[in-house]
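Sequence order for the protein chains is A and B. Residue numbers for the first sequence follow my numbering, beginning at 1 and rising by one. Residue numbers for the second sequence follow my numbering, beginning at 1 and rising by one.
Fair warning: there could be bad hints in the mix.
[Unchecked claim] BS3-like, lysine-lysine: derived pairs with alpha carbons at most 30 Å apart:
| no. | chain 1 | residue 1 | chain 2 | residue 2 |
| --- | --- | --- | --- | --- |
| 1 | A | LYS123 | B | LYS106 |
| 2 | A | LYS287 | B | LYS297 |
| 3 | A | LYS287 | A | LYS123 |
[Claimed, not checked] Some residues of chain B that are not near chain A, with every Cβ distance over 10 Å (derived):
| no. | residue |
| --- | --- |
| 4 | LYS131 |
| 5 | ASN181 |
| 6 | ILE243 |
It is worth saying that the hints were derived from the structure and are not from the lab. Note that beta-carbon positions come from the ideal geometry of N, C-alpha and C, so glycine has one too.
Number of protein chains: 2
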Amino acid sequence: MGEKDGTQGGRPDGHERHEKDKESARLSTLLRLPDGDDIDLASYDARDTPAWQDGKTAGLAAIADMREDLADLQERLWAASTAGDRRRVLLILQGMDTSGKGGTVKHVAGMFNPAGCRVRAFKAPTHEENKHSFLWRIRRALPEAGEIGIFDRSHYEDVLVARVRELAPHREITRRYREINRFEESLADDGVTVLKCFLHISYDQQRRRLLRRLDNPAKHWKFSAGDIEDRALWPEYRKAYEIALERCSTPRAPWFVVPADRKWYRNWAIGTLLLEHLEALDPRYPKADFDVTEYRKLLLKSV
Amino acid sequence: MGEKDGTQGGRPDGHERHEKDKESARLSTLLRLPDGDDIDLASYDARDTPAWQDGKTAGLAAIADMREDLADLQERLWAASTAGDRRRVLLILQGMDTSGKGGTVKHVAGMFNPAGCRVRAFKAPTHEENKHSFLWRIRRALPEAGEIGIFDRSHYEDVLVARVRELAPHREITRRYREINRFEESLADDGVTVLKCFLHISYDQQRRRLLRRLDNPAKHWKFSAGDIEDRALWPEYRKAYEIALERCSTPRAPWFVVPADRKWYRNWAIGTLLLEHLEALDPRYPKADFDVTEYRKLLLKSV
Numbered sequence: 001m002g003e004k005d006g007t008q009g010g011r012p013d014g015h016e017r018h019e020k021d022k023e024s025a026r027l028s029t030l031l032r033l034p035d036g037d038d039i040d041l042a043s044y045d046a047r048d049t050p051a052w053q054d055g056k057t058a059g060l061a062a063i064a065d066m067r068e069d070l071a072d073l074q075e076r077l078w079a080a081s082t083a084g085d086r087r088r089v090l091l092i093l094q095g096m097d098t099s100g101k102g103g104t105v106k107h108v109a110g111m112f113n114p115a116g117c118r119v120r121a122f123k124a125p126t127h128e129e130n131k132h133s134f135l136w137r138i139r140r141a142l143p144e145a146g147e148i149g150i151f152d153r154s155h156y157e158d159v160l161v162a163r164v165r166e167l168a169p170h171r172e173i174t175r176r177y178r179e180i181n182r183f184e185e186s187l188a189d190d191g192v193t194v195l196k197c198f199l200h201i202s203y204d205q206q207r208r209r210l211l212r213r214l215d216n217p218a219k220h221w222k223f224s225a226g227d228i229e230d231r232a233l234w235p236e237y238r239k240a241y242e243i244a245l246e247r248c249s250t251p252r253a254p255w256f257v258v259p260a261d262r263k264w265y266r267n268w269a270i271g272t273l274l275l276e277h278l279e280a281l282d283p284r285y286p287k288a289d290f291d292v293t294e295y296r297k298l299l300l301k302s303v
Numbered sequence: 001m002g003e004k005d006g007t008q009g010g011r012p013d014g015h016e017r018h019e020k021d022k023e024s025a026r027l028s029t030l031l032r033l034p035d036g037d038d039i040d041l042a043s044y045d046a047r048d049t050p051a052w053q054d055g056k057t058a059g060l061a062a063i064a065d066m067r068e069d070l071a072d073l074q075e076r077l078w079a080a081s082t083a084g085d086r087r088r089v090l091l092i093l094q095g096m097d098t099s100g101k102g103g104t105v106k107h108v109a110g111m112f113n114p115a116g117c118r119v120r121a122f123k124a125p126t127h128e129e130n131k132h133s134f135l136w137r138i139r140r141a142l143p144e145a146g147e148i149g150i151f152d153r154s155h156y157e158d159v160l161v162a163r164v165r166e167l168a169p170h171r172e173i174t175r176r177y178r179e180i181n182r183f184e185e186s187l188a189d190d191g192v193t194v195l196k197c198f199l200h201i202s203y204d205q206q207r208r209r210l211l212r213r214l215d216n217p218a219k220h221w222k223f224s225a226g227d228i229e230d231r232a233l234w235p236e237y238r239k240a241y242e243i244a245l246e247r248c249s250t251p252r253a254p255w256f257v258v259p260a261d262r263k264w265y266r267n268w269a270i271g272t273l274l275l276e277h278l279e280a281l282d283p284r285y286p287k288a289d290f291d292v293t294e295y296r297k298l299l300l301k302s303v
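So here's chain A without its partners, still in its complex pose (with noise of 0.2 Å):
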């Protein structure tokens, strides 16, 4: 038995395990934004579907297939963590309204045990938030080890909407940051795998998606005033984010630019994304610290 732990449940030999590697890579390179390089998201196609050309069937389908793989290895990941493994992977999803933030976590969330799942979505902080620092909500919702954290927005919004419509002084935004990154340098230490994906859509595409919104009476609840004002500011928020993606894409917590007009794209990359990062990480459950065949015994004589 304890021969066998090494490669218990399934593992993949050394082979299929290579060429998996190889090919999940891809993605993440191809996704990944290089370390301070100047950004001009205009670059980007939001209909692109790096690393995927068989299409949306095939997509839909590949998605399904992913969900026993991250189920396996969230499992491990939580395993891992009853023996002392401090490691934990934090998701974080930004872009403009419709970019499909909430459709990642109900999709790709969904794909995990809710078990070991924490998901927070951040919204225009409360009065008590505001008494504190702009980090002060986001460290109380970290993932604890084992867990897989999902940020539907995150502390980027204080340098991102609050730079827009300037809800704290210029020098202020400047040193946020400055702090960010030094906060999710702290996180890497502290062993948080710190996922950030920026889900980049279309001017064109959002107004599809507002008015298939407005169309669906079921879909009003998600709509808002702001939505219409933060569309009037689009050239606003780019800028803000091309800042805060050069300023905050750093060695050990890189943003990843994920082409989102195509939802069963954003939804296989996200996946894909994580499948990498926690095959990566190869959690392994941890050996028992108790007597196996004196615990049979027990068992068999407690009839």
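Following the hints, position chain B against chain A.
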């Protein structure tokens, strides 16, 4: 459009709805513990499948069929909360080791959108938790308006393991039943539908499940010395459960006894109980609080 609001999104019509109510009401009635009766858990068959005569294969299909309805009702509940509806659901899972609390979270809670689902597993209280009343950590983990909360163990541990292991004076335990009843009454007053499920497994079935865990190294992390000790205290735990169920089954927060030797039945039953309770809440999408035609015009102009 206004007229359609009441029936939007494929709600069943009057006749279908009536049929559905009749059918589902049956399970709530069947599994609900009568208020204040003496309880002999030995008289409940853990392999029974109340209200389901069609076997496992059809049971699994029925669970898969539930997903859409559960997700739809959850979205309505969430949407209603954005317009001030305070209602939410709290599913409390209790049962002996291996009774399937974790499995229920995975398979039943897994059918909800994780964004509106707050899962919390309660373990032995931490040092900090022990400095407060036993309800302190419970209050902090309650679902917010529009959410589905799920507790894997709960404040009932403080009258179960606390009673069996004598972690508190007898007098204090006695006081706690009353405090729990007042607490749950106040939750109901505050819009919380409290759904308490006792997962009822047999002594034999627990032995089989513990042996299966021992035989699979990937499950060893779920095992602890306490499991064997607790099994030796089976009669004491059963008695503690009987007392807790008797004293804390109230009209506004009744206990449901769910036969749990068959995992598929357990999942079907708890999914069905959730469905019934959500249907009874009948949450509605809020109507638009803005001028739809006006917004449509603005959007059409923003090309």
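Hints, one by one, checked against the model:
1. A:LYS123 <-> B:LYS106: OK: A:LYS123 and B:LYS106 at ~28 Å, within 30 Å.
2. A:LYS287 <-> B:LYS297: Between A:LYS287 and B:LYS297 the Cα gap is close to 63 Å, so the pair fails against 30 Å, i.e. violated.
3. A:LYS287 <-> A:LYS123: Roughly 42 Å between the alpha carbons, so the hint for A:LYS287 and A:LYS123 is violated.
4. LYS131: Holds, since 19 Å exceeds 10 Å.
5. ASN181: holds, 28 Å
6. ILE243: Label holds. Min Cβ-Cβ 24 Å, cutoff 10 Å.
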